[in-house]
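Colleague: Protein sequence lines, in the order shown, are assigned to chains A and B. Going by this note's numbering, the first residue of the first sequence is number 14, and it counts up by one from there. Going by this note's numbering, the first residue of the second sequence is number 13, and it counts up by one from there.
Don't read these hints as lab results, they were simulated from the structure. One should not assume that every hint holds.
Which bits of chain A does chain B cover? Going by a derived footprint, with three or more residues having C-beta under 8 Å, they are [stated by the list, open to error]:
1) 54-65
2) 116-123
The list that follows gives simulated cross-link-like pairs (lysine-lysine, DSBU-like), each with its CA atoms no further than 30 Å apart [as the list claims (entries may be wrong)]:
3) B/K114 to B/K93
4) B/K114 to B/K88
5) B/K80 to A/K93
6) B/K80 to B/K69
7) B/K117 to B/K80
8) A/K92 to B/K114
Which stretches of chain B does chain A cover? Using the computed rule of at least three CB atoms under 8 Å from a CB of chain A, they are [claimed, not checked]:
9) 21-28
10) 74-88
11) 112-119
All C-beta atoms, glycine included, are put in the ideal place defined by N, C-alpha and C.
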Amino acid sequence: SQTIHQWPATLVQPVGSPLSLECTVEGTSNPNLYWYRQAAGRGLQLLFYSVGIGQISSEVPQNLSASRPQDRQFILSSKKLLLSDSGFYLCAWSVTRTGGSYGYTFGSGTRLTVV
Amino acid sequence: GQNIDQPTEMTATEGAIVQINCTYQTSGFNGLFWYQQHAGEAPTFLSYNVLDGLEEKGRFSSFLSRSKGYSYLLLKELQMKDSASYLCAFSGAGSYQLTFGKGTKLSVIP
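Generate coordinates for the entire structure from the input sequences, incorporating the hints supplied.
Modeller: This is the structure in structure tokens:
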């Protein structure tokens, strides 16, 4: 069966520090991978998605970046965190069927607080 | 453009039935999803509708009308553990991404 792992669960980082969040998927090949952010009281905001190794699409301009060094690994990074980067970060995967996605399976999320 | 709307909050009584509505606008459509998200946790999949009509899964049912851009999630025999946010999302035709609503926070009271 497919599983998705995301870590760390909680992170407190000072403003200006770097960030690296990692997500891995098991039990499937060539998944579509996504990074979402959920700020307090707001909906899920798509940050990045990837349909293959080295293929990254950015939805929102910001000081974050994403990379996919391996088929089932997706990394979210920042060189210098801002206070506004605080939020609940969620990694998700999906398979693509003809005509579009078939829904997501989410990782357990990372609660990031920038202080 | 794309837009999706659902009520911000709802309250219902344990044992009752509650209906959470969702309206959406998109130029291409490939499916409507409902997710449940408990506070501090990740969303979990509840239902998927691609054709018009009602899909039933135990205490939960989801309805879709593509012509009206409308869906609802029906929760029967409410339990305290059903207190959560319920997220409506659609998949656009040929798109990899889901567009999510802001979620409806449901509070179940005794």
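Colleague: Assess, step by step, whether the Cα of B/K80 is no farther than 30 Å from the Cα of B/K69, and give holds or violated.
Modeller: Holds: B/K80 and B/K69 sit about 23 Å apart, inside 30 Å.
Colleague: Between B/K117 and B/K80, is the straight-line Cα distance small enough, at 30 Å or below?
Modeller: Answer holds: B/K117 to B/K80 is near 24 Å, not above 30 Å.
Colleague: Below or equal to 30 Å on CA atoms is what counts here, so check A/K92 against B/K114.
Modeller: Holds, at roughly 29 Å.
Colleague: Given that the segment 74-88 of chain B was listed as covered by chain A, double-check it with a C-beta distance under 8 Å for 3 or more residues.
Modeller: Since 0 is below three, the answer is violated.
Colleague: So if I understand the rule, the pair passes when the alpha-carbon distance is 30 Å or less; does B/K114 with B/K88 pass?
Modeller: 23 Å, holds
Colleague: Please verify whether B/K80 and A/K93 have alpha carbons no more than 30 Å apart.
Modeller: 45 Å, violated
Colleague: Given as covered by chain A, does the segment 112-119 of chain B meet the bar of three residues or more with CB within less than 8 Å?
Modeller: holds (count 4)
Colleague: Has the segment 54-65 of chain A got at least three residues whose CB is nearer than 8 Å to a CB belonging to chain B?
Modeller: holds (count 6)
Colleague: Can you take a look at whether the segment 116-123 of chain A is actually covered by chain B? Rule is 3+ residues, C-beta closer than 8 Å.
Modeller: holds (count 7)
Colleague: Count the residues of the segment 21-28 of chain B with a beta-carbon closer than 8 Å to any beta-carbon of chain A: does the count reach three?
Modeller: violated (count 0)
Colleague: Hey, B/K114 versus B/K93, does the alpha-carbon distance stay inside 30 Å?
Modeller: 21 Å, holds
Violated hints, listed in ascending order, are 5, 9, 10; each of the other numbered hints is respected by the structure.
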